[in-house]
Amino acid sequence: MKVLVPVKRVIDYNVKPRVKADGTGVDLLNVKMSMNPFDEIAVEEAIRLKEKGAATEVIVVSIGEPKAQETLRTALAMGADRAILVAAAQEVEPLGVAKVLAAIVGEEQPGLVILGKQAIDDDSNQTGQMLAALTGRPQGTFASKIEVSGDAVEVTREVDGGLETVRLSLPAIVTTDLRLNEPRYASLPNIMKAKSKPLAQKTAADYGVDLSPRLRTVQVAEPSKRQAGVKVGSVDELIDRLRDLGVAA
Amino acid sequence: MPSYAAPVRDTKFILDQVLEIGRYANLPGFEAATPDTIDAVLEEGGRFVSEVIAPTNQPGDQEGCTRHPDGSVTTPASYKDAYRQFVEGGWATLAQPVDVGGQGLPHVLAMAFQEYLNSANMAFAMYPGLTTGAIAAITAAGSDEQVARYVPPMVEGRWTGTMNLTEPQCGTDLGMIRTRAEPAADGSYRLTGTKIFISSGEHDLAENIVHLVLAKTPGAPDSVKGISLFIVPKFLVDGDGSPGARNGVTCGSIEHKMGIHGNSTCVMNYDDAVGYMVGEENKGLAGMFVMMNAARLGVGLQGLGIGEVAYQNAAAYAKDRRQGRALTGPAEPAARADPIIVHPDVRRMLMEGRAYNEGLRALILWVALLGDLSAKAPDEAERLEADDLVGLLTPVIKAYATDKGFLVANLAQQVLGGHGYVREWGLEQFVRDARIAQIYEGTNGVQAMDLVGRKLASHGGRALQSFLGIVAREVGEARAAGGEAAEVAERLGKALAELQAATLWLMANAMRDPNQAGAGAYPYMEVMGIVSVGLMWLRMSVAAQRVAAEGGEDAFLRAKLITARFFAERMMPDAAALRAKIEGGAEAIMALPAEAF
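These protein sequence lines map, in sequence, to chains A and B.
So the first sequence is numbered by this note's numbering: it starts at 1 and just counts up by one.
So the second sequence is numbered by this note's numbering: it starts at 1 and just counts up by one.
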């Protein structure tokens with residue numbers, strides 16, 4: 001069984017994002033970029049499935065700027081077998097990504113696609129679900145446990161009320177939550193080996209997909225700073241102030 | 001608990017823009033070190049040490065090592081798993097040759113990684129650090145059979161190494177060693193004697209420990225010309241290469257030290273222990289010097305490693321801690337007080353820290369690169385010059401980087417005030433750990449004597465001439481090019497003139513009276529430190545200007561130019577005072593009779 005894992009290059013989770021002065025987006029010049037942490041969990045899970053004998057090949061794919069190659073190399077250094085880079089000049093949206101992935105799923109016929117549940121830059125949380133709809137495959141989102149047995153996969157999902165276990169027949173789409181696993185560190189020999197693993201260069205046109213944005217960003221702004229508080233002298237004064245603010249009757 | 005993030009951007013800036021290691025892509029080992037590989041190794045290596053190794057530092061210090069009644073030694077509880085992950089990650093193999101199981105990457109990259117490891121946990125880093133030195137000595141002086149038998153498991157990290165020089169009655173003066181090596185019928189030797197201060201001498205991290213031991217054979221000359229080098233494995237190695245019978249080498253006790261508590265510092269007793277001679281009889285010191293030269297650069301890196309992590313924590317504290325107001329009026333009127341980083345004197349301490357750290361990082365990586373070039377450069381003259389410079393600058397790095405590492409740790413502790421003195425914040429540990437680096441591998445005073453007594457004079461001063469030539473040329477070029485770097489060059493030119501004057505004075509006076517050399521050695525080492533770190537600041541400001549001109553200036557490049565200016569204005573002027581001290585001569589130092597002390 002092949003496992004396909006899409007990975008996204010995003011601003012590193014340790015970096016405090018700054019909005020560009022002109023309000024068109026987040027300033028990414030000379031900012032540290034890394035693999036989306038949820039995608040890292042997805043790569044780790046796919047490699048574990050291969051180590052357990054449940055999968056035979058792990059393919060990673062990224063859709064974005066040429067530098068996303070580095071992110072793919074990181075996944076290869078962790079233990080993925082080969083990579084596909086789909087070059088995209090402009091910012092990509094979940095629907096465009098899902099369409100490209102659907103085309104790759106058609107070509108590669110993976111038994112499982114494991115995606116991060118969302119990317120930490122735009123927090124869309126849509127790509128996995130859209131991919132399931134486009135391919136007509138069953139989906140198990142927000143997985144905290146994945147168990148492949150025969151031609152089905154049992155996915156334990158983190159839902160509001162607790163945990164829910166669903167059984168999907170393969171092929172299927174799974175998205176990862178934070179507690180699924182702890183990703184490994186790439187070993188030095190594997191970092192060196194990753195250089196010689198195959199990395200295919202593609203464009204969206206190769207898959208017949210039009211990536212042009214459907215959304216228009218009007219403005220990006222930082223959250224307004226918290227205002228200094230006011231000290232009140234008594235409970236009555238507090239209630240008066242709350243009334244003035246319209247939050248108490 | 002203190003925190004640590006590997007300074008990957010700075011390392012990359014130095015490797016790519018200052019040393020421009022891309023120029024050496026045609027050399028063995030460098031072809032694999034493409035920019036994206038270097039990025040991946042530094043990023044992942046930095047992440048690994050900060051997330052896996054650094055958390056063992058403070059608990060390891062508090063727990064220390066324990067020697068048990070049977071002579072076995074256990075390291076702090078967290079070390080075993082951290083060491084296993086270190087070995088499994090292949091980090092020990094970085095710059096080792098491919099044919100013994102290494103990754104064959106350049107030495108300069110291994111040194112960059114070694115700095116991170118020292119910042120994360122210096123006591124821990126010494127276990128693989130000494131192994132690397134022992135591998136170098138066996139590879140340089142051992143037989144093919146010895147290399148095949150001992151080196152691969154050491155490269156992998158399954159076995160570790162030690163160096164055994166010091167004995168109770170002799171440290172610096174190795175001619176006085178008493179450990180005996182009696183020849184046995186099978187061509188091996190039986191060693192008997194006691195070695196002290198043996199770092200990583202006994203522990204529970206590895207399957208076997210390969211001790212490299214200096215000893216004297218029967219009838220050997222009673223001086224450094226009568227010392228031989230031996231491999232003494234903790235477990236004798238069977239025909240299939242696996243550890244077999246326990247050898248007659250045991251840990252008699254472990255030292256209770258000021259710092260590096262996580263490293264077991266052992267008294268090693270040799271009692272008819274089986275040893276194998278490495279290289280020729282009576283020429284053991286040459287092999288051990290291979291290890292010692294590598295180790296001296298490694299100790300310089302310890303100074304830098306501690307300085308860096310101490311600085312990071314002091315800088316974070318200074319931005320967070322609110323006390324008082326800026327001298328020029330409240331910087332953050334809405335808050336009850338300003339963060340202490342508004343104060344010029346707090347900034348003085350932080351600026352000194354980053355100026356030494358970044359300058360020494362560049363210097364050590366440059367000398368590590370010269371080490372690669374001395375072995376691999378295609379041109380004989382280039383190899384020779386690189387070798388000269390490594391020899392000249394090794395004692396400077398050992399002494400200056402460890403003095404400044406300790407200074408920076410002290411300044412960082414000072415920034416935290418009382419919180420620097422209590423255990424919780426971890427700064428006092430950095431101060432304690434940094435202190436040993438000034439002492440071992442030849443005290444810093446001995447390094448200064450090595451510089452003045454041996455390195456200046458060798459080959460008619462060839463090494464110093466080429467160093468002075470490099471500084472003068474780059475000062476001239478930077479002056480001509482203009483910009484902020486030209487101002488750094490201006491001041492470096494003055495410091496260079498002081499160094500030249502001090503050198504002439506020593507040449508004129510030390511031959512007549514060796515005490516003049518002895519008395520001037522330490523300040524001379526310090527002038528060399530200022531000029532060599534100053535040269536790095538000049539190179540970094542030139543590179544920062546160039547990169548900014550090509551791709552636009554960012555906060556990192558601006559900080560480089562400002563820190564270069566700080567080093568030029570606040571450190572380089574010391575060269576004149578140091579020259580005056582040297583020229584003051586030895587009279588006052590030597591005048592008092594010994595009874596008067």
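Hints are supplied without guarantee of correctness; some may be wrong.
[Unchecked claim] Subject to a maximum C-alpha distance of 27 Å in a straight line, what follows is the list of computed DSSO-like cross-link-like pairs (lysine-lysine):
{"hint": "1", "chain 1": "A", "residue 1": "20", "chain 2": "B", "residue 2": "257"}
{"hint": "2", "chain 1": "B", "residue 1": "319", "chain 2": "B", "residue 2": "80"}
{"hint": "3", "chain 1": "B", "residue 1": "80", "chain 2": "A", "residue 2": "16"}
{"hint": "4", "chain 1": "B", "residue 1": "319", "chain 2": "A", "residue 2": "32"}
{"hint": "5", "chain 1": "A", "residue 1": "32", "chain 2": "B", "residue 2": "12"}
{"hint": "6", "chain 1": "A", "residue 1": "225", "chain 2": "B", "residue 2": "257"}
{"hint": "7", "chain 1": "A", "residue 1": "225", "chain 2": "A", "residue 2": "52"}
{"hint": "8", "chain 1": "A", "residue 1": "20", "chain 2": "B", "residue 2": "319"}
{"hint": "9", "chain 1": "A", "residue 1": "16", "chain 2": "B", "residue 2": "494"}
{"hint": "10", "chain 1": "B", "residue 1": "319", "chain 2": "A", "residue 2": "197"}
{"hint": "11", "chain 1": "B", "residue 1": "12", "chain 2": "A", "residue 2": "193"}
What the hints contain is simulated information worked out from the structure, not anything from laboratory work.
Please read these numbers as outputs of a predicted model, since none were measured by experiment.
Structure-based check of all given hints:
no. : hint             : result
1   : A/20 with B/257  : violated (52 Å)
2   : B/319 with B/80  : violated (36 Å)
3   : B/80 with A/16   : violated (35 Å)
4   : B/319 with A/32  : holds (22 Å)
5   : A/32 with B/12   : holds (13 Å)
6   : A/225 with B/257 : violated (50 Å)
7   : A/225 with A/52  : violated (49 Å)
8   : A/20 with B/319  : holds (24 Å)
9   : A/16 with B/494  : violated (42 Å)
10  : B/319 with A/197 : violated (45 Å)
11  : B/12 with A/193  : holds (21 Å)
Checked against the numbered hints listed earlier, the structure breaks hints 1, 2, 3, 6, 7, 9, 10; every other hint is satisfied.
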